[in-house]
Amino acid sequence: MKFLNNLTFGQYVPADSPVHSLDPRCKILAVPVVLTGIFMAGHVAAFAAWAGLLAALAWYSRLPFRLVLNSAKPVLILVAFTALIHIFFTDGTPILKLGFVTITREGVAAAAQMGLRLLLLVLFASFLTLTTKPMELSDGLERLFSPLVRFGFPAHELAMMMTIALRFIPTLLTETDRIMKAQLARGASFDRGSLWKRLKAFIPVLIPLFVIVFQRAEELATAMEARCYRGGEGRTRMRPLRWSGRDTAALAATVAVVVALAAGERSLLP
Amino acid sequence: MFSERITVMVEGALAVALSVVFSALRIWSMPQGGSITLEMLPLFLFALRRGGRYGCAAGAVSGLMQLLTGGYIVHPLQALLDYPLAFGALGVAGFLRDRPLWIGLTLGALLRFLCHVLSGVVFFGSFAPEGSNVWVYSAVYNASFMAPTLLVCVLLAYIVWPRIRRAGNGR
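Sequences listed follow chains A and E, in order.
Residues in the first sequence are numbered from 1 upward in steps of one, following this note's numbering.
Residues in the second sequence are numbered from 1001 upward in steps of one, following this note's numbering.
Be a bit skeptical, because a hint or two may be false.
For the chain E half of the interface with chain A, some residues (derived, Cβ under 7 Å), not all of them [said to hold, decoys possible]:
(1) Val1061
(2) Met1065
(3) Pro1076
What the hints contain is simulated information worked out from the structure, not anything from laboratory work.
Backbone N, C-alpha and C define an ideal beta-carbon position, used for all residues, glycine too.
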């Protein structure tokens, strides 16, 4: 019996696509641009255009469209809730009356608009994590925030912590599983009984885990020091991030699409 | 001393990793769909061990990790509030490590709760109809999982903390 096998960590889907190979900084910067664009959309035609772009982006990233849609699963309840309060609480021309509830034309329109906007926001933002490895993202963030180092912002340290954490999640997962199994063999039961009983069963798992973590940390710190780790200053990389013309083009294209869609909606549609 | 700083940084990173592992461990599934997990516990204990500044940094890293590995973004301000700021706030517990344990932990969790409530208000501010009582929605929803989670964390912290505070080279 494995307690932790349902942990699907991260969303990254490896593929050999032009989107995957973009510089992580380009993709991080593109997210707020796209989100702004979706916020500005209001007309059905604009949403249809964004949905089309979503499908195109999925195809261009060589990701199965179903897989992209899956990333919206955690927010479906939120989408439904948002849509429902709009349907029930918007005043306007009534189209249906059920007891004390009146559904208005404006309410249905607002529900569709908000629901679609929310879905599109989440789906577009998920491309960042679908096409970029967590390590690359942390590298990208470090570089993006590096101008703030001058003002004392620990960009390198935070990115290093993320890298170490990513590296050790599988190790600690195995460790937790091992200790839980050892306790199970001694008669512990983690999934039965009252809350208090379950918590008590976890104590002999937690204490060794924390002790292991603190000891590991010391060993790792010694190992890093022995290899002359001296913080971020002057540190070089085996694979440095390279901003190429393709990244500039991709970012410019994103801005152009957002501006074109927003301007088009305002000038062409009523 | 520099080597001390590396140790603290690595310890913080491992606390973050442990918090991710704990987020997958369901201690108790609640009727309305939420569940009680121990993900705050490693961040609290690290903050108590190394103080508030490092605690907040580790919390913020943990929030960023969640964001980068599958969090959801609907609004730039919501992303900031729900992830780095909310989890960074937990580290505040480390500033009160000379007081009884529960005070720091409760304050940390309260600040995280406030971040989530604010983020909910930002979210509903752009998505809910005008005039809906956004503060109440957001507060009730967030309290429904934060309160029991905090209670469990405080209970476990009282049992675990005295036994591990001397582990490694901590104080």
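Legend entry - Those earlier numbered hints the structure runs against, lowest number first: No numbers; nothing is violated.
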